[in-house]
Each structure stands twice: as structure tokens, then as C-alpha cells.
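A.B. asks: Line by line, the protein sequences are chains D and C. First residue of the first sequence? That's 1 in the numbering used here, and the numbers climb one at a time after it. First residue of the second sequence? That's 1 in the numbering used here, and the numbers climb one at a time after it.
It should be emphasised that the hints constitute simulated quantities derived from the structure, not laboratory data. Be careful, since some hints might not be right.
[To be verified] Now the in silico label distances, taken between C-beta atoms and shown as ranges:
#, chain 1, residue 1, chain 2, residue 2, range
1, C, Arg122, D, Val44, 14 to 20 Å
2, D, Glu144, C, Ala74, 34 to 40 Å
3, C, Lys90, D, Glu156, 23 to 29 Å
4, D, His145, C, Pro8, 42 to 48 Å
5, D, Arg72, C, Glu51, 25 to 31 Å
6, C, Gly80, D, Asp73, 43 to 49 Å
7, D, Asp21, C, Glu58, 42 to 48 Å
8, D, Arg120, C, Lys90, 45 to 51 Å
9, C, Leu56, D, Asp39, 48 to 54 Å
10, C, Arg72, D, Glu156, 23 to 29 Å
11, D, Pro63, C, Ser131, 20 to 26 Å
12, C, Asn105, D, Val44, 26 to 32 Å
[To be verified] Here are the simulated lysine to any residue pairs, SDA-like style, with alpha carbons at most 20 Å apart:
#, chain 1, residue 1, chain 2, residue 2
13, C, Lys90, D, Gln106
14, C, Lys90, C, Ala61
15, C, Lys90, D, Arg120
16, D, Lys90, C, Pro104
17, C, Lys90, C, Glu133
All C-beta atoms in this analysis are idealised placements derived from N, C-alpha and C, irrespective of residue type, glycine included.
There are 2 protein chains.
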Amino acid sequence: MTNPTTNPTTITAQPGTPFIDVVREFDATPAQVFRAQTDPDLLVQWLGPRELKTDLIEYDARPGGSYRYVQRDAQGGEYGFRGVFHAVVKDELVIQTFEFEGVPNQVAIETMTLTDLGGRTRLHTHSVYPSVEGRDAAISSGMEHGIRDSMDRLEELCTRD
Amino acid sequence: MTNPTTNPTTITAQPGTPFIDVVREFDATPAQVFRAQTDPDLLVQWLGPRELKTDLIEYDARPGGSYRYVQRDAQGGEYGFRGVFHAVVKDELVIQTFEFEGVPNQVAIETMTLTDLGGRTRLHTHSVYPSVEGRDAAISSGMEHGIRDSMDRLEELCTRD
């Protein structure tokens, strides 16, 4: 459910395609949103669903840099994610690979674009999975809840600054 | 046209999908094929269509490593390609991003798998583009000719060793 006091998050996953598109507007500048996406100290404050704790093991947001983080639930479950950065353009663009360690070697590629709306910012993440089945499995895993929580928490962080 | 004295290369690009699959068997071991894929000195000897000259600018085949190469034709045309390696597993697997610099920020992800057939090797490359249109444009650019030449040249190199 979308909190009515925040901007909505639109998640699109057309049947029969390997794509997931996430669009969200923020009452913040592209510089604020970009910083929250690429500064490890800020990233851990919003990445993931609220009920999980995120530990960044590595986060080197530059072309060729790597990242890895682990999310833990209250029952001791651990979920690891990793990837490398292909492109990082300040305040504009991040292109990175994305692998859930629970499904090794099924690697997606994500393109995150920021558009300046004049003080406000539109974030668009286009994810491409290696198969339609892999995309469907990711959606079925509860990813949508995690994305909505992440986007709401990112907005809270950006508007708190 | 496939040279009848070599193994065939199968290229599959189903309409309406962003995928390209290339399958080729080699009369060589996985170790030979993997080495030709990851050793820069060998890679330049087979990568690309025969009529182009390939210059490797950078080729660091390890997780987080980057690559860039430029292919030149006799008329002075230049075609640059770049990416980063997400995974490199000796004799088995390479996962890398792939960007044609002529179409910036449209980045594909490629998974190359080697299967040991007992002295012979099956190579399968699964490429995923960020859109169906981007995949179609890549195919229209003459990529298929380049792939067939590359695979034939790779076989020549592996069986010459």
C-alpha cells in the first residue's frame, strides 16, 4: 500500500518480458538523490524493506567498482546481493549488474536515470533479467515490497537533509 | 555462409525478445577455449570479422576488471566497445557487460558458458539487451557476420595450438 503522504512508486513488469521498470519522483534535487544512491553511509539508511537490516560489505560506486551487501531478518535469514558498476555519471546515471547470491550466475543489469524536474527529480530504474522466468521469480520473491519501502525511505532521507 | 569444414555456429534471436543466443562447438578443451577468451594476446587474434583490425585498449578479465577494444576498417571507420566483468570462473564461465560506444548507455549483459563434452567444448553465449529495439538494432548492424567470423577464427586458433 502506498503511503498517501508520499509520492507514488510505479513498478511495471509486463508479462512475457524480462524487464522491471521502477519510476518515482522525489521532492529533492538530482544531486541529493544521486548522493543517497552512491554514498555508502547514506545508502544503508534506505536500501531494502524496513524490517531487514542492511550491511554493506563493499560499495565502490565508480566504473569497474564492485558492491556487495547482506540483508538480515529478525529470524537470522541472510540475503546477499552483489554486482559491478559499468557506468557512474554524477547526478545523472548509474549502470550496474545485480546478482542475488541465492540464485548464483543469474545476473541482471540495471540502468538508473535521474531527470531534473526543476528542484524535483524523477528516478527511473530499468532492470533486465537474463530470462523471463528469472524476472518472474524475482517479482515473486517479494521484491515489490522491498522496492516500495526503499523508495519511501529514500524520500524520507532526501527530504530530511 | 558456414564454411563446411568447420563446426556450425547457431545464432538465435527470437522476435519480440531482447535476447541473442550463440552456440558453437569446438574441437578443443574448455581450457583452450577459455584461455583464448581471456588472454588478451589470443583474443585479438580471433575477435571480430576478418576484414576489421581489432586493437585491445584494455582487457582485464577478472571480476571488476574492465575491457575496451576498437575495431577499424580499411576506410578508417572505428567501432569502440567496452564493458566490465561481473564473474570470471576459469574454464567455465564469464559474465560481462557490453556497450557499443556508438550507442552510448545501451548496455547489454553477456553470459558465456563452456560445457566439457569430453575433449570437445560447447560454448554458449546468452546476451540480453536493455530493449527489444536495441537487440534488433544490434542484429541489423551486421553483428551476425562478425559472430560467425569470430567463432570460425576462434576454432582456427584453438585447433592450431
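A.B. asks: Against which earlier hints does the structure fall short, listed by number upward?
C.D. replies: 1, 2, 3, 5, 7, 9, 10, 15, 17
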